[in-house]
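Visitor: With these hints in hand, go ahead and build the complete structure from the sequences.
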Amino acid sequence: MTATLAPEKFDEVTEALKDVMDPELGINVVDLGLIYDLGWDDENDALVIHMTLTSAGCPLTDVLEEQTAQALDEVVERFRINWVWMPPWGPERITDDGRDMMRALGFAI
Numbered sequence: 001m002t003a004t005l006a007p008e009k010f011d012e013v014t015e016a017l018k019d020v021m022d023p024e025l026g027i028n029v030v031d032l033g034l035i036y037d038l039g040w041d042d043e044n045d046a047l048v049i050h051m052t053l054t055s056a057g058c059p060l061t062d063v064l065e066e067q068t069a070q071a072l073d074e075v076v077e078r079f080r081i082n083w084v085w086m087p088p089w090g091p092e093r094i095t096d097d098g099r100d101m102m103r104a105l106g107f108a109i
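Each residue of the sequence shown is one higher than the last, beginning at 1 in UniProt numbering.
Just so you know, these hints were derived from the structure itself, not from any lab.
Careful: at least some of the hints might be erroneous.
What the hints assert, rightly or not - FRET-style restraints, in silico, Cβ to Cβ:
#1 GLY106 / LYS18: 33 to 43 Å
#2 GLU8 / HIS50: 12 to 22 Å
#3 ASP41 / ILE109: 30 to 40 Å
#4 ARG103 / ASP41: 36 to 46 Å
#5 THR61 / THR4: 38 to 48 Å
#6 MET1 / GLU24: 31 to 41 Å
Where is the CB? At the ideal position from N, CA and C, for every residue including glycine.
Guide: This is the structure we're talking about:
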């Protein structure tokens, strides 16, 4: 069971996760809307990242896990990613900043 993160820790983790880039799009996972929720697993003393991908068949989960470990190195000692497929990701989850980044790459959003 996961507990809610304190607002300061939530913000710190979210900011750190902006260093994790989707390998195909080159936009961070936060602004793409891939982070569904953040929680804390008291039993294992670890951050739990509820995250999805733009496509369930994406073969790059290892790359994202490595980037996440690097981004969170100074923020938390332990984390795990809970890959979430429901609800499926959609472009409506992209933040305004993410939309600006997508437009800069030539996507019509």
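Visitor: A separate judgement is required for each hint: does it hold in the structure or not?
Guide: Hints, verified against the model:
Between GLY106 and LYS18 the beta carbon distance is about 22 Å. The supplied range of 33 to 43 Å is therefore violated. About 19 Å separates the C-beta atoms of GLU8 and HIS50, a value consistent with the hinted range of 12 to 22 Å. The supplied range of 30 to 40 Å is met by ASP41 and ILE109, whose beta-carbon atoms lie about 35 Å from each other. Restraint check, ARG103 to ASP41: a C-beta distance of roughly 37 Å satisfies the suggested window 36 to 46 Å.
Checked against the hint of 38 to 48 Å, the pair THR61 and THR4 fails, with Cβ atoms roughly 25 Å apart. Against the hinted window of 31 to 41 Å, the Cβ-Cβ separation of MET1 and GLU24 comes to about 33 Å, which satisfies the hint.
When each numbered hint is compared with the structure, violations occur for hints 1, 5.
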